[in-house]
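> Modelling step: build the complete structure from the supplied sequences, incorporating the hints.
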Amino acid sequence: MKLEQLSSRGLTALMIMWLVGTPLSVPLAASAGHDAWISIILGAIVSYIIIWMYTHLCQLYPGKTLVEIGEVLFGAWAGRIIGFIYAWYSFHLGVLILKNFIEYILIIALPETSPLTVSAPMMGIVLWAAYAGMEVLSRCSISLLLLVLVEAMLSILMVKDFQPDHLLPLVDRGWMPILEGMTELIGFPFGESIVFAMIIPQINNIDKAKKTVLWALITSGFLLVLSNVRNTLVLGNISSKLIYPSYVAYQYISIAEFLERVEPITIVTFLLGAFVKISVCLYASAKSFSLAMPSKQYRLYLIPLSLLMLQFTFFLYKNDMEMIKFSTKIWQWYSVPFQIIIPLAMLLTALIIKRKRMHSLPHS
-8 MKLEQLSSRG
2 LTALMIMWLV
12 GTPLSVPLAA
22 SAGHDAWISI
32 ILGAIVSYII
42 IWMYTHLCQL
52 YPGKTLVEIG
62 EVLFGAWAGR
72 IIGFIYAWYS
82 FHLGVLILKN
92 FIEYILIIAL
102 PETSPLTVSA
112 PMMGIVLWAA
122 YAGMEVLSRC
132 SISLLLLVLV
142 EAMLSILMVK
152 DFQPDHLLPL
162 VDRGWMPILE
172 GMTELIGFPF
182 GESIVFAMII
192 PQINNIDKAK
202 KTVLWALITS
212 GFLLVLSNVR
222 NTLVLGNISS
232 KLIYPSYVAY
242 QYISIAEFLE
252 RVEPITIVTF
262 LLGAFVKISV
272 CLYASAKSFS
282 LAMPSKQYRL
292 YLIPLSLLML
302 QFTFFLYKND
312 MEMIKFSTKI
322 WQWYSVPFQI
332 IIPLAMLLTA
342 LIIKRKRMHS
352 LPHS
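Using the working numbering, you'd call the opening residue of the sequence shown number -8 and step up by one each time.
Worth flagging that the hints you see were computed from the coordinates, not collected in a lab.
Honestly, I wouldn't trust all of these hints.
Claimed, not checked - Listed next, with one range per pair, are the computed distances between beta-carbon atoms: (1) Leu138 <-> Ile343: 16 to 26 Å; (2) Phe153 <-> Val37: 44 to 54 Å; (3) His350 <-> Ile209: 50 to 60 Å; (4) Val37 <-> Val253: 30 to 40 Å; (5) Ser351 <-> Phe306: 45 to 55 Å; (6) Ile72 <-> Leu101: 36 to 46 Å.
Claimed, not checked - Computed cross-link-like contacts, DSS-like style, restricted to lysine-lysine with a CA-CA straight-line distance of at most 25 Å: (7) Lys55 <-> Lys199; (8) Lys287 <-> Lys151; (9) Lys201 <-> Lys345; (10) Lys199 <-> Lys320; (11) Lys232 <-> Lys320; (12) Lys55 <-> Lys232; (13) Lys151 <-> Lys55; (14) Lys345 <-> Lys55; (15) Lys345 <-> Lys202; (16) Lys309 <-> Lys320; (17) Lys316 <-> Lys232; (18) Lys232 <-> Lys309; (19) Lys55 <-> Lys347; (20) Lys55 <-> Lys202.
Using N, Cα and C, we set each Cβ at its ideal position, and we do this for glycine too.
This is the structure in structure tokens:
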């Protein structure tokens, strides 16, 4: 089978869609209130360290995924354990995103529809995308990203409703709420990009990997700050308390009774963002699982994992409030081993091995 290869542009678009696709519609760093934009900037800066770690690992071992690197560093059995660990993390993340997607559609667009009617078609499209591979999905993301940029540009139409006083006073509650918001953002959405350690080895020029992910992070951070500031300028402090503030903010757009009711565009961008994120999660889970199993063909595991993902959305969380509490208060700490501890341990081990090899070389 032909080896998949991603262009730098395709990987950038895929990563931006991953980082902003669904977060654009939900309140970020709600604990920071109108200072959430500061939390977003700090979260992006700190998260680059995490992204740099796994990208540098991929550059040290070109063509190898995080699981394969673990096998090289710690042995076959440890590599398999790492494979199962990241298969679960990607799977659990996919379930959470799918559950969020279901609730979004049921609350905003189709309140009388059964959850299965919403989730089953989405998983069917996601299954196709994961089977087609990340090269195809990255090309799709280039086109899908244009719609996200169109949504961002529509913010200009809300200027008449902006109230700058909503952003003041700065840091009026101290730095603790801002830092708390920053930790939330490291866990979601920035740190979740660890799953890209299963995708970055496919880039056609691994030397450009760090530059590519940096541009994706900068662009995503800018779009998230823009969305947050816009929502706060229009809605005030209530924007951090709403479940879907962007949807409410777009309801303010009204140009001479000609251009109105544009808020459905947020539904479309959320749907597309969820599609990309769940597809990446399903792919990363199947890829990690396949590397831990005798059969290395990840496509063999896509159907059973997608069916399990669909099933888990109905019993993993008892109700919406439990899911929201887990997402906002527990997820960032639950993710620490996956996003920080394991990649850091692998990077330190790789650097120690590299240093020992350099010292063992004969000096001229």
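> Take the hints in turn and mark each one as holding or not.
Right, here's what the structure says about each hint:
Range check, Leu138 to Ile343: about 46 Å between beta-carbon atoms, so the 16 to 26 Å window is missed. Between Phe153 and Val37 the C-beta distance comes to about 29 Å, which lies outside the given range of 44 to 54 Å. The hinted range of 50 to 60 Å is not satisfied by His350 and Ile209, whose Cβ atoms lie roughly 37 Å apart. Taking 30 to 40 Å as the suggested C-beta distance range, the pair Val37 and Val253 conforms, at roughly 34 Å.
Between Ser351 and Phe306 the CB atoms are about 54 Å apart, so this pair conforms to the stated range of 45 to 55 Å. Separated by about 41 Å at the C-beta atoms, Ile72 and Leu101 satisfy the suggested range of 36 to 46 Å. A distance of roughly 16 Å separates the Cα atoms of Lys55 and Lys199; the hinted pair therefore holds under the 25 Å criterion. For the hint pairing Lys287 with Lys151, the CA-to-CA distance comes to about 56 Å; that exceeds 25 Å, so the pair is violated.
Between Lys201 and Lys345 the alpha-carbon distance is near 20 Å, which keeps this suggested pair within the 25 Å criterion. Pair hint Lys199 plus Lys320 does not hold up; C-alpha atoms about 35 Å apart against a cutoff of 25 Å. Distance hint between Lys232 and Lys320 is fulfilled; the C-alpha atoms sit about 15 Å from each other, no more than 25 Å. With a C-alpha separation of about 43 Å, the suggested pairing of Lys55 with Lys232 is violated against the 25 Å cut-off.
Distance check on the hinted pair: Lys151 and Lys55 sit about 51 Å apart at the alpha-carbon level, beyond 25 Å; violated. Taking the CA atoms of Lys345 and Lys55, the gap is about 16 Å. The hint holds against a cut of 25 Å. Between Lys345 and Lys202, the direct Cα distance comes to roughly 23 Å. Compliance with the 25 Å bound is thereby established for this hinted pair. Only pairs whose Cα atoms come within 25 Å are accepted, and Lys309 paired with Lys320 is accepted, the gap being roughly 16 Å.
As the CA atoms of Lys316 and Lys232 are separated by approximately 14 Å, the hinted pair is consistent with the 25 Å bound. Taking the CA atoms of Lys232 and Lys309, the gap is near 22 Å; set against the 25 Å cutoff, the hint holds. For the suggested pair Lys55 and Lys347, the alpha carbons sit about 21 Å apart, so the restraint of at most 25 Å is met. Restraint check for Lys55 and Lys202: the C-alpha separation of about 19 Å stays at or below 25 Å, so the hint holds.
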